[in-house]
Amino acid sequence: MQNTVGRPKDLEKRKHILDAAKALFLKCGYHGSSMNQIAKEAGVTKLTVYNHFQDKDNLFVCAIEETCESAINSRPLALNAQSDFKEELYKSCESGLNTINLPEAIKLEHLILELAAENNPLANVFYNASHKKMCSIWEDFFRQAAQFNFIRQDNTEKQTQLMLSLLLGVRHHEVLLGIRQIPTAQEQHEIILESIEIFLMKYGVH
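Residue numbers (the working numbering): 1 to 206.
Please keep in mind that the hints were generated in silico from the structure rather than gathered at the bench. Hints are supplied without guarantee of correctness; some may be wrong.
Okay, derived cross-link-like pairs now, BS3-like style, lysine-lysine, Cα gap no bigger than 25 Å in a straight line [stated by the list, open to error]:
id, residue 1, residue 2
1, Lys132, Lys202
2, Lys202, Lys91
3, Lys132, Lys91
4, Lys46, Lys13
5, Lys158, Lys56
6, Lys40, Lys27
7, Lys15, Lys133
8, Lys91, Lys40
9, Lys132, Lys27
10, Lys107, Lys133
11, Lys46, Lys56
12, Lys86, Lys133
13, Lys13, Lys27
14, Lys56, Lys107
15, Lys133, Lys27
16, Lys132, Lys158
17, Lys86, Lys202
18, Lys158, Lys91
19, Lys107, Lys40
20, Lys86, Lys40
21, Lys56, Lys133
22, Lys107, Lys86
23, Lys46, Lys91
24, Lys46, Lys27
25, Lys107, Lys27
26, Lys56, Lys40
27, Lys15, Lys27
28, Lys86, Lys158
29, Lys107, Lys132
30, Lys15, Lys40
31, Lys133, Lys158
32, Lys15, Lys56
33, Lys46, Lys86
34, Lys91, Lys15
Given the sequences, and given the hints that come with them, work out the whole structure.
Laid out in structure tokens, this is it:
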């Protein structure tokens with residue numbers, strides 16, 4: 001009985017801390033966010049933050065992993081033998097672009113570049129929680145597609161790299177640099193159709 005006393009309150013505090021940390025890291029960057037600021041935004045003491053998360057690095061990792069997890073898993077990529085593959089591929093591309101082009105996702109990209117520029121090992125943790133996780137979901141999707149004979153079987157990592165390159169290309173680098181606007185709904189539609197067409201030229205089953 002003693003083990004459960006106060007647990008809901010502790011979980012609620014932990015959530016407040018994580019929410020505050022996510023917002024501050026995205027707004028101010030890693031170095032621009034302090035444990036004092038996070039505690040203040042969460043409405044808890046600095047000691048409480050340290051009790052839940054041993055240090056800033058640990059809090060950063062937890063906050064980023066939770067942010068990426070909620071964005072990437074918003075729509076599972078799953079197929080069955082009766083699936084309309086082109087339709088499912090279109091929806092998957094649309095979901096992927098919508099996620100990648102979220103304002104929060106753009107800020108996350110800037111954050112990982114900031115860390116990578118200074119050879120901070122947190123950049124690798126961040127990459128594994130975001131980019132690598134998204135790639136593994138796409139690889140599983142293409143593995144399912146080959147299993148049901150919707151596409152030619154091949155290295156799923158190569159297939160994923162091709163699809164993401166087609167969907168993003170130089171355009172996304174320009175978006176990150178602020179010299180191009182995020183694609184409109186119509187532009188995104190055309191990007192997806194062209195990407196699928198080229199992808200199926202290489203991997204489609206004829």
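Violated hints - listed by number, lowest first: 5, 8, 20, 22, 23, 33 and 34
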